[in-house]
Each structure stands twice: as structure tokens, then as C-alpha cells.
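One letter stands for each residue in the lines below.
2 protein chains.
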Amino acid sequence: MRLVSDQSRQREYVREIASKRDDFPQWYTDVILKSEMMDYTPVRGCMVIRPYGYAVWERIQALLDVRLKATGHQNAYFPLFIPEGFLRREIEHFEGFNPEVAWVTHGGGEQLAERLAVRPTSETVICTMYAKWIQSYRDLPVLLNQWCNVVRWERSTRPFLRTTEFLWQEGHTVHRTEEEAEEETLLILDIYKDLIERELAIPIITGRKSEAEKFAGALRTYALEALMTDGQALQAGTSHNLGQHFAKVFEIKFLDADGQLKYPWQTSWAVTTRLLGGLVMVHGDERGLVMPPNVAPVQVVIVPIMPRETRDRVLAAASDIARSLGPDVRVRVDDREEQSPGWKFNEWELRGVPLRLEVGPRDIERDRVVVVRRLDGAKTEVPRGAVSRLVPEMLARLQQEMYAKALVYRDSRTKDVADLSELEDFLAAGGGFARVGWCGGDSCEAEVKQRTGATIRTLANEDPGSRRCLCCAAPAKQVAYMARAY
Amino acid sequence: MRLVSDQSRQREYVREIASKRDDFPQWYTDVILKSEMMDYTPVRGCMVIRPYGYAVWERIQALLDVRLKATGHQNAYFPLFIPEGFLRREIEHFEGFNPEVAWVTHGGGEQLAERLAVRPTSETVICTMYAKWIQSYRDLPVLLNQWCNVVRWERSTRPFLRTTEFLWQEGHTVHRTEEEAEEETLLILDIYKDLIERELAIPIITGRKSEAEKFAGALRTYALEALMTDGQALQAGTSHNLGQHFAKVFEIKFLDADGQLKYPWQTSWAVTTRLLGGLVMVHGDERGLVMPPNVAPVQVVIVPIMPRETRDRVLAAASDIARSLGPDVRVRVDDREEQSPGWKFNEWELRGVPLRLEVGPRDIERDRVVVVRRLDGAKTEVPRGAVSRLVPEMLARLQQEMYAKALVYRDSRTKDVADLSELEDFLAAGGGFARVGWCGGDSCEAEVKQRTGATIRTLANEDPGSRRCLCCAAPAKQVAYMARAY
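Protein sequence lines correspond, in order, to chains A and B. Quick note on numbering that gives the first Met the number 0: the first sequence kicks off at 0 and runs consecutively. Quick note on numbering that gives the first Met the number 0: the second sequence kicks off at 0 and runs consecutively.
Heads up, some of the hints might be wrong.
[Claimed, not checked] Distance condition first, Cα-Cα at most 27 Å in a straight line; then the derived DSSO-like pairs of lysine-lysine:
{"hint": "1", "chain 1": "B", "residue 1": "K252", "chain 2": "A", "residue 2": "K33"}
{"hint": "2", "chain 1": "B", "residue 1": "K19", "chain 2": "B", "residue 2": "K404"}
{"hint": "3", "chain 1": "A", "residue 1": "K33", "chain 2": "A", "residue 2": "K131"}
{"hint": "4", "chain 1": "B", "residue 1": "K131", "chain 2": "A", "residue 2": "K33"}
{"hint": "5", "chain 1": "A", "residue 1": "K261", "chain 2": "B", "residue 2": "K414"}
{"hint": "6", "chain 1": "B", "residue 1": "K476", "chain 2": "B", "residue 2": "K448"}
{"hint": "7", "chain 1": "A", "residue 1": "K131", "chain 2": "B", "residue 2": "K476"}
{"hint": "8", "chain 1": "B", "residue 1": "K343", "chain 2": "A", "residue 2": "K68"}
{"hint": "9", "chain 1": "B", "residue 1": "K448", "chain 2": "B", "residue 2": "K414"}
{"hint": "10", "chain 1": "A", "residue 1": "K252", "chain 2": "B", "residue 2": "K33"}
{"hint": "11", "chain 1": "B", "residue 1": "K19", "chain 2": "B", "residue 2": "K414"}
{"hint": "12", "chain 1": "B", "residue 1": "K213", "chain 2": "B", "residue 2": "K192"}
{"hint": "13", "chain 1": "B", "residue 1": "K131", "chain 2": "A", "residue 2": "K343"}
{"hint": "14", "chain 1": "B", "residue 1": "K68", "chain 2": "A", "residue 2": "K68"}
{"hint": "15", "chain 1": "A", "residue 1": "K33", "chain 2": "B", "residue 2": "K33"}
{"hint": "16", "chain 1": "A", "residue 1": "K33", "chain 2": "B", "residue 2": "K261"}
{"hint": "17", "chain 1": "A", "residue 1": "K343", "chain 2": "B", "residue 2": "K68"}
{"hint": "18", "chain 1": "A", "residue 1": "K131", "chain 2": "B", "residue 2": "K33"}
{"hint": "19", "chain 1": "A", "residue 1": "K68", "chain 2": "B", "residue 2": "K404"}
{"hint": "20", "chain 1": "B", "residue 1": "K33", "chain 2": "B", "residue 2": "K68"}
To be clear, the hints were calculated from the coordinates, so they are not data collected in a lab. Just so it is clear, the structure is predicted and the values come from calculations on it, not from any experiment.
Model the full structure from these sequences, guided by the hints.
Okay, here's the thing in C-alpha cells:
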């Protein structure tokens, strides 16, 4: 059977992607469409995640799931529908999400007595269960996670980054004390950072959100922020200390060891399919995607160069090399006959496959394989007997180099900025993370946003020293990273 | 950190489950609630799948996913919402599903111009994409699958078996010829049978559905039917040859090698979280769940018997044994101090853990471990040095014995039945699969259903010989398996 991704009809599109330098938004759309990561659908704001994109999501799921389970979290599944009354109970939460809710009003041919929200997030429905399950301090902590879909009715959408429906995991934990909840919130922040830096090769800045930017209903929100190669920031994940807000309105109480009835402390946290968009925007280049080996659906493609008379011999050698790489390397032999090697090179470059191995009759004679790195096009000849040892090493090195390259870029675009006019210049020159002093005032935060489009991405955990607020010039209370963001 | 499933508050419930023999429905509910596989929610017809139940689903997902990928299928993700106009295009399909649809009518604070169905199944939205993606015979076959949630507004619900929302995988494939589509339909039927028999230890009868029982919009439906221990059948999965019905209304066409524009042939197929209900009803006993080792979240529980003075030594030995089992055995050491060993035995029996290992000071002295099988309570003493070799063997044997036991039961409840009065007697005596002759007439099928509650579960692929229709006594055209069903 043939795979969809191996569809062999001639396509001319490989060279048709827009220039990343000249038109970043069009380049992004071209790359994700033409690499077949996703497609648009006729359903408003909803996309299809196609097999090549979904395979990356499956990798991310596996890599995160193992980390969550290793730290004692368990998966569960809660209902898609949330009765309106539940959603209304935590007022900040309701006001934050209500404008984005899709409502089910009819079911089974009848109008419902109460509207059902299609979950925009699941705190409220999960808290109704926690109120039932938690009675004693012995029931704590509760450490649950679910992998599911959520819906937020967005006015304007962009594939992966902002869609009406998206996929995510949402963790929801309950703790005996504030300290434990804070510890969990920061543990998750660390796990996310490790996942995104180590596996997606995307450097991360973590820190608290300002009050204006925090999750609706949370006590404190911590975020992970990454810098895209157009100078805009992407919020790559969030971890919220919910305090006792939800416990109080949902009446989750436990009898502590001291005989007192208390409200527990909660957290919630999520990463979403938007990570796929980040991956594209951080690593992609003029030729298309560049996949970090750890999440690449295909890590190595072997392209046989096969003039008719040597076809069988070359294909046999290619299969042989693929087998020699063992089950830990995701390898594909592109044995399609209708396409030329050059066409295949382009297609797998567009799809960002980290290593391409070329095998032709001359290579077989000389007992060698040509290895080409997607990251920089560097070519090496490798003795055939050394391929199974060298390829995993080259993949590991590529993974590190991709992170290092992204870090150099991020740091080159991170600058101290003193005031609004400097910020405007910085943004006009391409943007990035501006390190600024901030007085802590909502009005300064709002004014900067209104004038420049930049928002506080995170508050740095450091002393502002002699810095002054970039807006009002009062002594700064905090150091903030500001950027325009997706 | 403590796991939810290890919550330590004293519970008296282990002995409180209803008798399976006396009250099967209540027993079922008690077992799944008290083993913490699921819980009811205040959301109409929706349940929570709790970690212990969800872990079984994760096992089933992993075991099926690897089979689907090995046969060339790829995962993707399509939208949750289906505009009403799409759903209406295939009329049989629409009429079949319309009564069960939940409709979204408002989003982002506004009434929608067109209602959106929350997917009851995804043929229609997927076909709109296939019409775009498929142009040439070179694009075929398309072999996609998605793991997701679906919603069907059911009048009466039962956890796992029939809920408003449930989890499933749905495969959707497109082929060049009718033969290929039929081959795929039957390949999937085989994969499902292998999964359910080998991993869930549930014997399966496969066969075609009658016209009355087939999927709305399909050409032919094949089903997998299992027998529960209350004598009722459970449809455990279905595989549909959709023919060209959807291709024609969604205008999916391809240019074949002969230059002709043709409609392709499609299939769709699904298994759902109802398999968890089947697992409970096939294997459970008066003490609770009995988990087949291949899908058991915990395969081996080690219960240390630890009088205070030997506590550390016993715990060390227990951990040591757990480690010696290696990463391929899912093992848990129940080191909770608040519960007695007897209480723990009951709890893990309720949860159906296949093997219990008991380790106490005397066992340590004698260099042995007591191993107890959940299936029949059989106890063996195993030399400590042999545990790591014998436990995997015992698990493998248990898996086979559970299948064999279920097969013996199924066969003992499968009988040839000649006419309606015999069928009534058979059902009154506890039911099971009745093998009957059927004339093929809709009215006889309807009459039997109306009079006895039994339906045609599958049509056997065999010559009816001299059989007569159980209803009208005309010469039979087919042999059918009939049963009352969930």
C-alpha cells in the first residue's frame, strides 16, 4: 500500500514557496501547506492536521507524556461539554472565556434547557469532579492531565497559531498548600522548557505574566516565550497557579491532618498544537521546513540514484542501509520511480528531513554513502560500514546545532531598551525581545501596547536596579521582556 | 508525589459491589465506579474516564495504533465541527445521524449563519478534503485514521457502552477499485479481531450486518460481535465498505491510468471506548474486574507484609523484586502504611490486577515469594531468584487462559435455534448467540426483533443448507447470529 505522503503525482510546487525574507507570513503559509503539514477546511477557522504535521504532534505528545508520567501525573478524560452554569461560577474565568465560546443549544432534536459550552478549557468541569473526589489531605495531591481538543471562537485565525479548534494537553492538579501548588507550577514550567529546548530545539524565556496577561481566574501565570525568526514572540506554553479561586467557588474542601476543613490550592497548565507553528517559524528557511531530529517524522531519507540498469542493485543497497540504522532511527527509502533524484531532494528539503543519504552505482562501487545535512547543505562521504554508527551521531549533533543557532539568533535579537522611542526603533529594525524597566502600572503597560503593539511577554526574576519605566520613567519595579507577539 | 489511584483514605466499598449473578447491571456499575475506571458527571450522558480506565484505553490505543501503522495507515486530525450542509449531502447518512446530533448555533457571541454539528462521525467533513486532495490514481490509496472524540445524543446512556460523548478511532480510506476497498474493509476486520482476541482476550464473531443494521450510508457493514457474561451481545467494532456513495455526493473523482475519470471506493471503520465496557463484562467476576495482562494498567502488584520491626527490610525486598521484573512488566509496590494487607488484597482484586506478589519476613527468610493469580485465586510459592523469569510466563499463560475461558463460555452459549418459540426459550434461559436460518426478509427480521428483542448481530458466511427462516419458515437464504445486544 502507498502512503499519502508518498503520493507520487508530479508537483511543481517545491520551488513555489514565497521568500521568507521578503514575505514571512506568506512563506509560513506556503511551507506548512506545501509540506502537507496542514490544510484549510471549509469549516470556519478549523484546519486539518495532515499526517506529516500530525506525526510531529505525536512525537511531541510522546516526549511530553513520558515526562509527565515520570513526575507522577496520570491521564484521564473529562467531558467536552460544560453547562453554562459551571462556566459562570468563577466570574473572572467566565468573563475571560465567554466571548470565545461556541454554544451547543440543541441536541437529539430538542432545544436544551441549559446551553452547553464546547470546552475552551476544562477547569470548571474538572473542579466539579474534584469537589466530589477530594475529602481528606490523604486524597492530595491530585495530578491529572488530559490530551484533547478545545474550541475558542477566534476572530482571525492562523494555522497552528490561532485556530477555532486546536489540540492540547491540559494538566489540572490539586495540592494541600500554596507552596506545593507553586512548586508544581514551576516544575511544569521546567518540564515544558526542557521539552521545547531539548526536543524542539527552541530557546525559551520563562517568567511570570503581568496581571493584564495572566490566565482568566489564575493567581499567577508563568509563561514560556520563544522568538520567531520574524522578530515576533510566540507564547509556547503556560503554567498557572490558580490559588484557591476555583476551590472556593466550586467548594472543593479537604479535612487536613490538623482537623481543619480547608480549601486546597490548584494549578493548571497547557501546551498546544501551536508548538508546530513555532517549530516552523524558528527553524524554517528559504527552502522550507527544517525539522529538529528529535521530533522529525522522518529523520533520514535515502534517495537511491538509479539508472535503469543498476536499479535493483541500488535499491537493495538502500534498503540494506535503512535496515542497518535499526529501529531507533526513523528512516525512509524514497524508491518512487516517477520522480527524479533532484525532485526528491527538493521535496525532502521542503519537508525538512534532517539528513539525506544518496546512494548510486558509483557510491556502491566505492563502498560509500553521500550524506547531506538539511540545516546547511553540508555534504560528507561516509564509508558504508560506518553509516549506522555515524548517522545517529550526526543527528544528535544537528539537534544541538539547531538549538545553538536558534539561541544565537534569539540573543542577537534581545536588547536592553530604555524608553518608548527606543522601543519603536527596535521594533522598526526587526524587533525581538526588548528588556525594559517597568513601573508595574497597568496604564503604562496599556499605553506601550497601544502605541507599539508590544506586550509584556514575561517579567524577569531579577532586580531592576537603576532602571526606569520605559513609559513613565518612574523608577522601575520590574524587568520585563516585551515583544510583539503571535 | 502521590497518585490519585493510590489515594489512601479508608474505603469500605470493596465488599459493597452487587452480586454479578443476582444483579448484573448493578454489578457492572459498581465495578466500574468503585475500581475508579470512570465516574458520572453532571453533564448529561457524559462520563469522566478516570486514570485507571484511561490507562486501559491508552494500552488499547497503543496496541491498535502499531497495527494500523504497520499496514500503512497514518494518523491525521480533522475538525470537530461539521456544517449542516455537509452532513445533509449523503441523505441516508444524514437521516441516520440527524436524530443524535448536538448542534452549535452560537459562537463568539453571535448566532451562526449555518448550524455546526458536533461530529457524530467524520465521513462528510473528511470527504470534502478528499475531493480536494485526490485527482489521480497515483494519489490512491489514501489510508488515514484519527483518534478523537465524537458526540451522539443518546436517549438513555450507560458508561462506556452508550454515552453522549465517547472516544474512538475512525479510519477513512479511499481506493481505486471495489476489490481494493473490500480487501481493506476485511483487513481492518482482521486487525480488530486480532486486537480484541489477542490483547483483550475476548472471542469475536465477525460477519456482515443486515441492511437494517448497517451503517447509515454504507454499501456493506461488517461487525465484530462479542458475548457478555449476561448472555447479551456487544458490537465491539465495525468496518464499512462505503462503496461509491460518498464519492458521488462529495464529487471525489480521479483520473485513472486508462484516462477515464472515475469515482473511487471508500471504507470507514471504528472501535471505541465501549471496548472497556466489554472487557469488564466478559472477564469480571464477583470480586470485581479481571484484567487481561496485555491491557492491564498494573500487571503485578507487590504487597509487602510488613510488621513494624521488619518494615525496611521487607520494603527493600519488594522494591528489589519490582526492579528485577524490568521495564516490560507494569508493576506497582503497594507500600501504603495506613492499609492492612487484607484491605490491599481486596482493592487490587477489585481492580483486577492479574498477579499479586506477597512478600513478608518469612518469605524473605525462605527466599521465596507467594504469587496469587487473580483469575482463579491460585497460589504458588516461587523461589525469589526465579520471579523475573516466571512472572512474564505466568502473565502470558493467564492471557491465554482468559481467552480460552471466555471462548468456552461463548461457545456454551451459542446454539442452533429453529424457530421463534425456541428463540424465546433460549433467551429466557439466559440467552447468548442463536444461530438461525433467515429468509432475508426485512419483515421477518423486524418481527423477531419486536417479539424477542433479539437482532441479527452478523450474517454467517456459510450455506444455510436445509435451514428454514426462524420466523416465516420459508427456506433460509442465510445463517444469522441473533442475540439481544447492548
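Structure-based check of all given hints:
Only pairs whose Cα atoms come within 27 Å are accepted, and K252 (chain B) paired with K33 (chain A) is accepted, the gap being roughly 22 Å. Restraint check: the Cα-Cα separation between K19 (chain B) and K404 (chain B) comes to about 17 Å, which is no more than 27 Å; the hinted pair holds. Note on K33 (chain A) and K131 (chain A): the hinted pairing is violated, with a Cα-Cα distance of about 49 Å set against a maximum of 27 Å. Proximity of K131 (chain B) to K33 (chain A) is assessed by CA-CA distance (about 14 Å); at most 27 Å being required, the pair is judged to hold.
For the hint pairing K261 (chain A) with K414 (chain B), the CA-to-CA distance comes to about 60 Å; that exceeds 27 Å, so the pair is violated. A C-alpha spacing of about 18 Å is found between K476 (chain B) and K448 (chain B), which places the hinted pair at or below 27 Å, so the restraint holds. Between K131 (chain A) and K476 (chain B) the alpha-carbon distance is near 56 Å, which puts this suggested pair outside the 27 Å criterion. Between K343 (chain B) and K68 (chain A) the alpha-carbon distance is near 23 Å, which keeps this suggested pair within the 27 Å criterion.
The suggested pairing of K448 (chain B) with K414 (chain B) holds, with an alpha-carbon distance near 18 Å, which does not exceed 27 Å. Proposed proximity of K252 (chain A) and K33 (chain B) is supported: the alpha carbons are some 22 Å apart, at most 27 Å. With a C-alpha separation of about 23 Å, the suggested pair K19 (chain B) and K414 (chain B) falls inside the 27 Å cut-off, and the hint holds. As the CA atoms of K213 (chain B) and K192 (chain B) are separated by approximately 19 Å, the hinted pair is consistent with the 27 Å bound.
The suggested pairing of K131 (chain B) with K343 (chain A) holds, with an alpha-carbon distance near 23 Å, which does not exceed 27 Å. Between the alpha carbons of K68 (chain B) and K68 (chain A) the distance comes to roughly 25 Å, so the proposed pair stays at or under 27 Å and holds. Proximity of K33 (chain A) to K33 (chain B) is assessed by CA-CA distance (about 50 Å); at most 27 Å being required, the pair is judged violated. Restraint check: the Cα-Cα separation between K33 (chain A) and K261 (chain B) comes to about 26 Å, which is no more than 27 Å; the hinted pair holds.
Straight-line distance between C-alpha atoms of K343 (chain A) and K68 (chain B) comes to about 23 Å, which keeps the hinted pair within the 27 Å bound. About 14 Å separates the Cα atoms of K131 (chain A) and K33 (chain B), which keeps this hinted pair within 27 Å; it holds. Using a Cα cut-off of 27 Å, the hinted pair K68 (chain A) and K404 (chain B) is violated, with the two alpha carbons roughly 34 Å apart. Among the hinted pairs, K33 (chain B) with K68 (chain B) is inconsistent with the structure: their alpha-carbon atoms are about 35 Å apart, more than 27 Å.
Violated hints, listed in ascending order, are 3, 5, 7, 15, 19 and 20; each of the other numbered hints is respected by the structure.
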